[in-house]
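Required output: the full structure, derived from the provided sequences and hints.
Here is how the chains run, residue by residue.
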Amino acid sequence: MFLQKRARFAYYLILPSLLIITLLDLVPIIESVVVSLQSQNMGRANPDAFVGLAHYARALFDEPTFWSSLWKTLIWTAFSVIGAYLVALGLALLLHMDIWGRGFFRALFLVPWVIPDVATALLWKWLYGDEFGVINFLLTKIGVINRPVLWLSDPLMAMPAVVLVQVWKLYPVMFVVLLAALQNVPKELSESAVIDGANIWQRFRFVTFPFIKATSIIVTLLASIWTFQAFDIVYLLTGGGPAGATKILPTLVYDKAFWGLEIGYASAIALLMLIALLIISVAYLLLYRAQSDVIEEARA
Amino acid sequence: MKIASLDRYRLSFTLLVVYCLLAAAAIVILFPIFWMASSSLKPAPELFARNLTMLPIAWTLENYLNVWQGTDFPKYFWNSFKVASISTAMTVFVSVYAAYALARIRFFGRGAYGIVLLITQMFPHILLVLPLFIIIQRLGLFNTHAALIIAYTAFSLPFTIWMLRGFFEAIPQELEEAAAIDGASLLTTFHKVILPLAGPGLAAVTMFGFIRGWNEFLFALVFLQGHDLFTLPIGLASFQEEYTFRWDLILAGSGIITLPVLFFFLLMQRFIVQGLLGGAVKG
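Protein sequence lines, in the order shown, are assigned to chains A and B.
Residue numbering for the first sequence is 1 to 300, as defined by our numbering.
Residue numbering for the second sequence is 1 to 283, as defined by our numbering.
Please keep in mind that the hints were generated in silico from the structure rather than gathered at the bench.
As the structure is a prediction and not an experimental result, all values here were calculated from the model.
Heads up, the beta-carbon is just placed ideally off N, CA and C, and yes, glycines get one too.
Possibly wrong hints are sitting among the right ones.
[Stated by the list, open to error] Derived list of chain B stretches under chain A, where covered just means 3 residues or more per stretch with a C-beta under 8 angstroms from a C-beta of chain A:
1. 67-73
2. 76-86
[As the list claims (entries may be wrong)] Quick list of simulated restraints, FRET-style, between CB atoms:
3. SER192(A) <-> ILE115(B): 39 to 49 angstroms
4. GLN69(B) <-> ARG205(A): 50 to 60 angstroms
5. LEU221(A) <-> ARG270(B): 46 to 56 angstroms
6. GLY199(B) <-> LEU156(A): 17 to 27 angstroms
7. ASN51(B) <-> ILE279(A): 44 to 54 angstroms
8. LEU138(A) <-> GLN173(B): 50 to 60 angstroms
[Unchecked claim] To give an idea of the interface, some chain A residues facing chain B are shown, with a C-beta separation under 7 angstroms as derived from the structure:
9. ILE21
10. GLN229
11. ALA266
Written out as structure tokens, the structure reads:
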């Protein structure tokens with residue numbers, strides 16, 4: 001009787017949140033599946049006409065941009081996440097040590113995380129500037145280059161340039177999570193490893209890393225999911241250019257929907273993107289499982 | 001004794017290396033922000049000088065005055081403040097109760113509810129923005145702040161509920177039981193006993209919601225058309241087209257949009273980080 005009352009109370013408590021989430025997260029997903037099967041096109045006479053999988057076929061077979069965008073998205077994601085992970089891990093290892101001013105440094109290194117995306121993009125655009133950009137100025141000054149690099153307008157440099165910004169933006173969250181994971185490493189273990197004469201690398205490889213491996217997997221997977229669908233930074237920095245060099249899938253979807261005005265087709269691309277994301281996530285987790293099995297066997 | 005002093009020597013050497021690395025990392029990572037601040041305080045001729053200086057030669061607040069007085073910036077600022085505050089208030093109000101239920105009460109479907117929360121966090125915004133655009137239009141909410149407030153609330157909720165759950169679970173259950181024995185109802189217990197103890201958690205989700213609403217770009221870009229309704233992120237982005245290469249305005253604007261979130265964050269970062277971990281890692 002008491003339990004029942006408590007349970008009913010719980011339903012009242014979660015009801016508003018469930019309602020909002022259903023209406024604005026779940027219904028839209030279903031809606032976008034429906035829309036992707038229709039000829040939804042702003043200004044078309046019969047937008048609700050059912051076209052089946054035509055949009056999907058068009059993206060996969062007739063649209064060269066889809067595959068090249070997918071490829072660019074993969075590159076953008078992989079490099080951003082690996083770069084951010086390395087920065088985050090390095091800082092986390094340094095700030096896990098019991099040193100003076102630790103709290104101060106921790107707060108400092110989190111700052112890029114809260115800077116609004118728009119400010120981030122504009123600020124980096126200013127840093128990257130051809131003529132008045134400080135990066136070109138400093139590199140010229142120390143003699144690395146003798147003429148300004150067109151960071152954002154050279155098709156070759158644009159991708160590395162936007163990846164660097166994403167690394168800057170992405171590492172803080174990974175840093176916090178890794179810092180927390182490092183607290184699970186038993187102190188005695190690393191101490192005895194020191195006594196056994198293990199060097200820094202061996203200590204990391206055989207003592208520290210096994211304890212933060214699971215967290216590393218989760219956090220890189222999450223970061224990959226965020227980066228794979230990230231829109232703001234690239235849209236604001238390059239708009240997908242120059243010459244499509246940074247046209248990742250989210251910018252392609254945006255262009256098709258709000259410039260091409262083809263909502264149905266854009267929805268199909270977005271859903272293909274989601275499917276690609278799911279495939280990658282599952283593959284990633286399977287790979288992790290297979291690998292940890294190998295390690296378990298080697299240990300046994 | 002000899003060994004001890006050798007150890008101390010090695011220790012201080014390691015410390016030196018650690019601090020050097022930290023200082024170097026801090027300089028590289030914070031340089032962009034420093035450069036934004038420094039540039040925004042330079043008068044226009046210095047901004048476009050051939051020879052750049054790290055600090056302004058002639059410090060000036062001119063750029064900030066120009067962007068505040070000469071553009072629609074104050075309007076954008078107010079719009080952002082309004083949208084972020086209202087959506088944050090709604091988010092906190094709704095998620096406090098839901099998180100409490102999730103943390104403390106066993107009910108049928110609790111596991112499924114938790115999973116729904118996790119999954120909705122994964123939905124790409126670029127995917128949601130298309131159907132939401134259609135729904136918002138159908139509801140007649142296109143080009144209104146209400147559309148943004150609803151959307152921001154919906155997108156923050158799953159994470160804030162998850163975050164608060166961690167805070168509530170950390171509160172000893174005996175306190176509630178004591179209140180129940182004293183005859184307090186469930187809701188009274190929650191309001192009088194639990195909520196006051198969850199201060200840091202409330203601070204964390206409030207900040208999280210506000211920062212998210214304040215920074216959000218894509219939905220504002222798609223849902224708003226009238227300049228009068230623009231929030232800061234899209235207002236600032238629109239500067240690029242309207243005032244081509246007026247970097248003096250753009251940099252000062254970027255400074256203004258960054259300042260409030262930076263200030264709040266540094267003030268409350270301990271709680272936010274705590275909440276982030278409570279929500280993200282516990283999983």
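Right, here's what the structure says about each hint:
{"no.": "1", "hint": "67-73", "in the structure": "violated (count 0)"}
{"no.": "2", "hint": "76-86", "in the structure": "violated (count 0)"}
{"no.": "3", "hint": "SER192(A) <-> ILE115(B): 39 to 49 angstroms", "in the structure": "41 angstroms, holds"}
{"no.": "4", "hint": "GLN69(B) <-> ARG205(A): 50 to 60 angstroms", "in the structure": "59 angstroms, holds"}
{"no.": "5", "hint": "LEU221(A) <-> ARG270(B): 46 to 56 angstroms", "in the structure": "27 angstroms, violated"}
{"no.": "6", "hint": "GLY199(B) <-> LEU156(A): 17 to 27 angstroms", "in the structure": "52 angstroms, violated"}
{"no.": "7", "hint": "ASN51(B) <-> ILE279(A): 44 to 54 angstroms", "in the structure": "52 angstroms, holds"}
{"no.": "8", "hint": "LEU138(A) <-> GLN173(B): 50 to 60 angstroms", "in the structure": "58 angstroms, holds"}
{"no.": "9", "hint": "ILE21", "in the structure": "6 angstroms, holds"}
{"no.": "10", "hint": "GLN229", "in the structure": "3 angstroms, holds"}
{"no.": "11", "hint": "ALA266", "in the structure": "6 angstroms, holds"}
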